[in-house]
Amino acid sequence: MAKLTLAGLREIREREAKKIGKREIHGRDVHVIVAMGTSGIQSGAKVILNYIADIVEEKGLDNVIITQTGAFDGVVEPVVQVYSKALGLVSYQGVDKDTAKKIVEETIIGGKILEDKKIEIKDGE
Amino acid sequence: MDLSDLVYEAVKNSFEAGASKVEVEVDSSDGLIHFSIDDDGDGKFPDDPFSLDVSTKGENRGKGLFFIRESSIDASISRSGGKTHLRFFLKGSAEDFKPEDFLAPALNMGLDVVLVLKKNGKEAVRLDEGTWKGLDFSKGSDLSLLRRLVIKRSKEWLN
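Protein sequence lines correspond, in order, to chains H and C. Under this note's numbering, residues 4 to 128 are what the first sequence spells out, in order. Under this note's numbering, residues 18 to 176 are what the second sequence spells out, in order.
Bound conformation, chain H alone (with noise of 0.2 Å):
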């Protein structure tokens, strides 16, 4: 077996770096997405963040991050995405009060998806 440069472990560092990084993003906690550009804002988004925030301090859930993002198009806004570990990237279009709770209860924690509020949003949309 050829022996390792330092540029061949250094490079092997920076790659490893990179994946122990997004694994203690992704794994350790809980990302909530709100989408907030204007027309998310008109049709009630900046109220659904504030919501989600509320029941995420009513439950105790510490390890739950809250992040926005602009409008996405060809949805129905509020939408909320969520990232876990477990599931991956959850979108969800047209959320309202009732479906944030159940966001927070169902899909945070306890890890299931809300299929009829559940929408494919691709990378870079």
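Do not take every clue at face value.
[Stated by the list, open to error] Taking lysine-lysine and the DSS-like style, the derived pairs with C-alpha atoms no more than 30 Å apart in a straight line are:
1. C:Lys135 with C:Lys38
2. H:Lys100 with C:Lys80
3. H:Lys104 with C:Lys115
4. H:Lys62 with C:Lys115
5. H:Lys62 with C:Lys172
In case anyone wonders, no lab produced these hints; they're calculated from the structure.
Fit chain C to the given chain H structure using the hints.
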């Protein structure tokens, strides 16, 4: 859209213009509520920034300022001293504005926000980094704590 939506739209514009700090001042007096939003963003705006679908941010953008103007008695935007100044006012009172509703998402974006609540031109409440020291705005639980903190402090404005 309610008043906190309009302020959030303004603050979102500041963020998209590259601002790191936003100062929001809300003054309730004589049946009117005045909003002043100053930011340190790049301040590039087109000739009529309040027109629908006019935006420096690309296609299908440019609704936020339009909605602000449509909702207001008057609105203006200007640039001086390296800052962008947005001003708008409408009929309303302190009870009509829920600062906690826009502040949590605004801080979640990573902006440094200073919020001053005034009554008849006199400062009643100032909320800034010192108010929410130690909170992590990416955490849902801390966003909720922030909201409760702001609701509590806002009562000083309403009284």
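Index of numbered hints that the structure contradicts, given in increasing order
Checked against the structure, no hint fails, so every one of them is satisfied.
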